[in-house]
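Dock chain B with the ligands against chain A, hints included.
From first to last, the protein sequence lines are chains A and B.
Quick note on numbering: the working numbering labels position 17 of the first sequence as 17, and the sequence is numbered without any gaps.
Counting from 1 along the second sequence, just add 270 to a position and that's the residue number in the working numbering.
FYI, nobody ran anything at the bench for these hints, they're computed from the structure.
None of the values given here were measured: they were computed from a predicted structure.
No residue lacks a Cβ here, since even glycine has one placed at the ideal position from N, Cα and C.
Take these hints with a grain of salt, some might be off.
[As the list claims (entries may be wrong)] As a list, the in silico EDC-like pairs of lysine to aspartate or glutamate whose alpha-carbon atoms are at most 16 Å apart:
#1 Lys96(A) with Asp481(B)
#2 Lys88(A) with Asp432(B)
#3 Lys96(A) with Glu428(B)
#4 Lys96(A) with Asp429(B)
#5 Lys198(A) with Asp178(A)
#6 Lys96(A) with Glu46(A)
#7 Lys198(A) with Glu188(A)
#8 Lys88(A) with Glu166(A)
#9 Lys197(A) with Glu70(A)
#10 Lys365(B) with Glu428(B)
#11 Lys198(A) with Asp146(A)
#12 Lys197(A) with Asp215(A)
[As the list claims (entries may be wrong)] Some but not every residue of chain A turned toward chain B, in silico, with C-beta under 8 Å:
#13 Ala66
#14 Thr84
#15 Pro86
#16 Lys88
#17 Phe94
#18 Met100
#19 Pro101
#20 Leu111
#21 Lys137
#22 Phe139
#23 Leu143
#24 Leu147
#25 Gly149
#26 Trp193
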Amino acid sequence: MDFTLSHHNQSANAMIEVRAVSRVFPTGNGGLRALEKISFSVFPQEFVCVLGPSGSGKSTLLRILAGLLESTSGEVRFHNQIVTGPRKGVGFVFQKSNLMPWRTVLQNITLPLELEGLTALEADEIALAMVELVGLKGFEQALPRDLSGGMAQRVAIARALIHDPEVLLLDEPLGSLDALTRERMGNELLRIWQTHKKTVVMVTHSISEALFLADRVLVISHRPGRLCLDLPVDLPRPRREAMRYTAVFGELTESVRQAIGDSETIMEGV
Amino acid sequence: MMEQMRRGVRIPNLRRLVIVPLSILGLFVVWKMAVYVTQYPPFILPPPGLVWNKFMTVLGDGSLLRHLWVTLVEVLVGLTIGVVFATVLGYFLAKSRLVERMLSPYIVASQSVPIVAIAPLLVIWFGAGLFSKILICALIVFFPVLVNTVVGLKSVPEDLQDLMRSLQATRLQTIRYLEIPSAMPVFLGGLRIGATLSVIGAVVGEFVGSDRGLGFMINRARGQYDTALVFVAVFALVFLAISLYTSVILLEKKLLSWREPEDQSLKQI
Ligand SMILES: Nc1ncnc2c1ncn2[C@@H]1O[C@H](COP(=O)(O)OP(=O)(O)OP(=O)(O)O)[C@@H](O)[C@H]1O
Ligand SMILES: [Mg+2]
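Just chain A, same shape as in the assembly (with noise of 0.2 Å):
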């Protein structure tokens, strides 16, 4: 299975290259194969989301891309260059929100500001903007202690677009989210990428948030983790909430969940 070359006849131009990437945890009985030899392209200003059962490693394949992970084999290139590490240009949102409890807010989205050098009170101006972005206005000095888990989320999000990457890797961002607010932070992560023309490979546990948002969707299988669908979604943009009631988008969601379906009985095989 190579999907590679599924939808571009040239993969020269990827921004993202994955490469037979293969991950495994060393375990007491020989070692948990998380990833086995997957393989895709992710192209300029494009939408990825990452579906599959829990433990498929979704969250290990994200972080092999931010080179945060090594793989075991295969190998990852953005613009063509070998990833062996953690790169300029990257915005990452972890599956818990991830903050600094002692720091504010305000100071949690300032971070990455900081570490490149910029005045707290440089950072300040660039960060009150994106508190707004997110929703968060009034909340500038409160301590993550204070924050529901959506509220941090969104700090989080905040955080990665602060420095204004190009590519965003999120994993499950708008997870710990109310149906609300989560269609409204979708909506919000759509605007964001349409104007600033970001690359977002994004790992999300809903089918429907996936087709939604994304312009291809991969699954991963449980045990190996697989690709097992590399799926174009072919809806217009922009995207609108009608669009979810289609039979288009029912017959996407079907092939979708069969795909996950399979890869839990593929799991079951091994």
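This is chain B with the ligands only, laid out in the frame that chain A set:
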């Protein structure tokens, strides 16, 4: 809300303002009664009044403050040196498997030797002056601070380490923005123990051999059966230890205000 918060702070303060003097008063009453009931002579159990007079005498002639000052210097310098070494070594122990494997047997072994046993050696080697006391202080402070530094650094959340890596933070930035604040609560716990132990270290050193300091004062007064003076010196030591401990608690309150305000361990004292 402000009103509530302010009241929430004031009530425990008020209670403390009443309870502490009350318990001290209680201690004096019991003490006075013990003297009255047992009829022990003053060189065994001096009455509170005698101790008070002694206190005023040694306060007046400046000798109490002179000795207190000596012990304070030993404690503060020893504490500082011990903390600095323990923190730096602790960092390398936490960060390097190799260093940990190489050094931890010695560190553990050194802890099985009580400080009282090596204090005479240190006084023989480094003289009866301030230096040997500072050394004893530093040694006794070293271990708890070291252990807590290592534990604190090892409990820095892995996700936050990943965050710093993904932001391409330098080694120094990671220390400053992540490791120091994250390890601070556990580290300060070690400092709290260290601060208390450092007073013990100084007194042990002064007992073994010195011509000044509160420990020396106790030793000399005991030799002269001036038990009232022993009491005065002991109270001075208690005062010193409590002040030091309270300083660390205040430091904790200031540095760890981001933690739960309900954290009871910070509210004591
Ligand atoms: N550091 C690690 N050491 C050992 N095993 C690990 C490690 N990280 C992940 N795993 C294992 O690899 C598998 C994939 O984990 P991963 O977190 O990537 O799954 P996921 O698809 O993100 O799951 P979820 O949807 O629950 O977040 C799991 O079985 C997990 O137990
Ligand atoms: Mg995950």
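Results of checking the hints against the structure:
{"no.": "1", "hint": "Lys96(A) with Asp481(B)", "verdict": "60 Å, violated"}
{"no.": "2", "hint": "Lys88(A) with Asp432(B)", "verdict": "14 Å, holds"}
{"no.": "3", "hint": "Lys96(A) with Glu428(B)", "verdict": "12 Å, holds"}
{"no.": "4", "hint": "Lys96(A) with Asp429(B)", "verdict": "8 Å, holds"}
{"no.": "5", "hint": "Lys198(A) with Asp178(A)", "verdict": "25 Å, violated"}
{"no.": "6", "hint": "Lys96(A) with Glu46(A)", "verdict": "24 Å, violated"}
{"no.": "7", "hint": "Lys198(A) with Glu188(A)", "verdict": "13 Å, holds"}
{"no.": "8", "hint": "Lys88(A) with Glu166(A)", "verdict": "9 Å, holds"}
{"no.": "9", "hint": "Lys197(A) with Glu70(A)", "verdict": "28 Å, violated"}
{"no.": "10", "hint": "Lys365(B) with Glu428(B)", "verdict": "13 Å, holds"}
{"no.": "11", "hint": "Lys198(A) with Asp146(A)", "verdict": "31 Å, violated"}
{"no.": "12", "hint": "Lys197(A) with Asp215(A)", "verdict": "14 Å, holds"}
{"no.": "13", "hint": "Ala66", "verdict": "6 Å, holds"}
{"no.": "14", "hint": "Thr84", "verdict": "12 Å, violated"}
{"no.": "15", "hint": "Pro86", "verdict": "5 Å, holds"}
{"no.": "16", "hint": "Lys88", "verdict": "7 Å, holds"}
{"no.": "17", "hint": "Phe94", "verdict": "6 Å, holds"}
{"no.": "18", "hint": "Met100", "verdict": "7 Å, holds"}
{"no.": "19", "hint": "Pro101", "verdict": "6 Å, holds"}
{"no.": "20", "hint": "Leu111", "verdict": "7 Å, holds"}
{"no.": "21", "hint": "Lys137", "verdict": "19 Å, violated"}
{"no.": "22", "hint": "Phe139", "verdict": "15 Å, violated"}
{"no.": "23", "hint": "Leu143", "verdict": "5 Å, holds"}
{"no.": "24", "hint": "Leu147", "verdict": "13 Å, violated"}
{"no.": "25", "hint": "Gly149", "verdict": "15 Å, violated"}
{"no.": "26", "hint": "Trp193", "verdict": "20 Å, violated"}
Figure legend: structure checked against the earlier numbered hints; hints not met, in rising order: 1, 5, 6, 9, 11, 14, 21, 22, 24, 25, 26.
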